[in-house]
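First to last, the protein sequences are chains A and B. Once you know that position 42 of the first sequence is 42 in my numbering, the rest is easy, because the numbers rise by one and skip nothing. Basically my numbering = 1-based index in the second sequence + 111.
No wet-lab data here; the hints were simulated from the structure. Quick caveat, the model's predicted, so the values are computed rather than measured. Be a bit skeptical, because a hint or two may be false.
Simulated pairs of lysine-lysine, DSS-like, Cα-Cα distance not exceeding 25 Å [claimed, not checked]:
hint, chain 1, residue 1, chain 2, residue 2
1, B, Lys-153, A, Lys-11
2, A, Lys-99, B, Lys-153
3, A, Lys-99, B, Lys-112
4, B, Lys-112, B, Lys-153
5, B, Lys-153, A, Lys-78
6, B, Lys-112, A, Lys-15
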Amino acid sequence: GAGVSQTPSNKVTEKGKYVELRCDPISGHTALYWYRQSLGQGPEFLIYFQGTGAADDSGLPNDRFFAVRPEGSVSTLKIQRTERGDSAVYLCASSLQGKLFFGSGTQLSVL
Amino acid sequence: KQEVTQIPAALSVPEGENLVLNCSFTDSAIYNLQWFRQDPGKGLTSLLLIQSSQREQTSGRLNASLDKSSGRSTLYIAASQPGDSATYLCAVRIQGAQKLVFGQGTRLTINP
């Protein structure tokens, strides 16, 4: 596809469960970002990849959150032992020359 | 710590009016500033990107200005249309980092 693709679009899980959120960036974009957006707020930075490596993970809130990008394309955000406070829209973006292109996000609901 | 503030939080105007959305940031050491549009349930669409050395950017009916020294940017929308209804977000990229710091957004409603 032409844009950033995120799956699933919605994920409902129970407190304490493990979840994985997937991001397919635009082909050829080496930079990839994860952001989290709570209702009525702007997106908050989680992690930035340049190629396969996490160049900046300063936004990850705690060690329950982890992200990988093993081949420098698709990325997976992993959340262990989910908590109700993790409920939010998780946005992925890829970048070319500084301009970010966002996916539609994954709405995560932790019950 | 960079903080970005957008005023107003919500704005409702009749169709055809020209309007201005405001964005302020606390640290002037920015690399660039972007304005995004977000429709309900959708991701963000980049509207305009202003490099720190630039004063403004224009695209169609949109014009964004940047005053780095005062920590302010404005997004001007001319001849507003109902299709312009959305949330508009301002984000700054700080020098030496790749991440963007976002404001909370302005929810704009254009009434036919």
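Given the hint that Lys-112 (chain B) pairs with Lys-15 (chain A), test it: the Cα-Cα distance must not exceed 25 Å.
violated, 32 Å
Measure nothing beyond the straight line between the CA atoms of Lys-99 (chain A) and Lys-112 (chain B); if it is 25 Å or shorter, mark the hint as holding.
Distance of about 23 Å is within 25 Å: holds.
Does Lys-78 (chain A) sit within 25 Å of Lys-153 (chain B), going by the straight-line distance between their CA atoms?
Holds. Lys-153 (chain B) to Lys-78 (chain A) sits at ~22 Å (cutoff 25 Å).
Taking only the CA atoms, is the gap from Lys-153 (chain B) to Lys-11 (chain A) under or equal to 25 Å?
holds, 16 Å
Keeping to a limit of 25 Å between CA atoms, is the pair of Lys-99 (chain A) and Lys-153 (chain B) held or broken?
With Cα atoms ~18 Å apart, Lys-99 (chain A) and Lys-153 (chain B) stay inside 25 Å; holds.
Holds or violated: Lys-112 (chain B) and Lys-153 (chain B), Cα atoms, limit 25 Å.
Status violated; Cα separation ~28 Å.
Of the numbered hints listed earlier, those contradicted by the structure are 4, 6.
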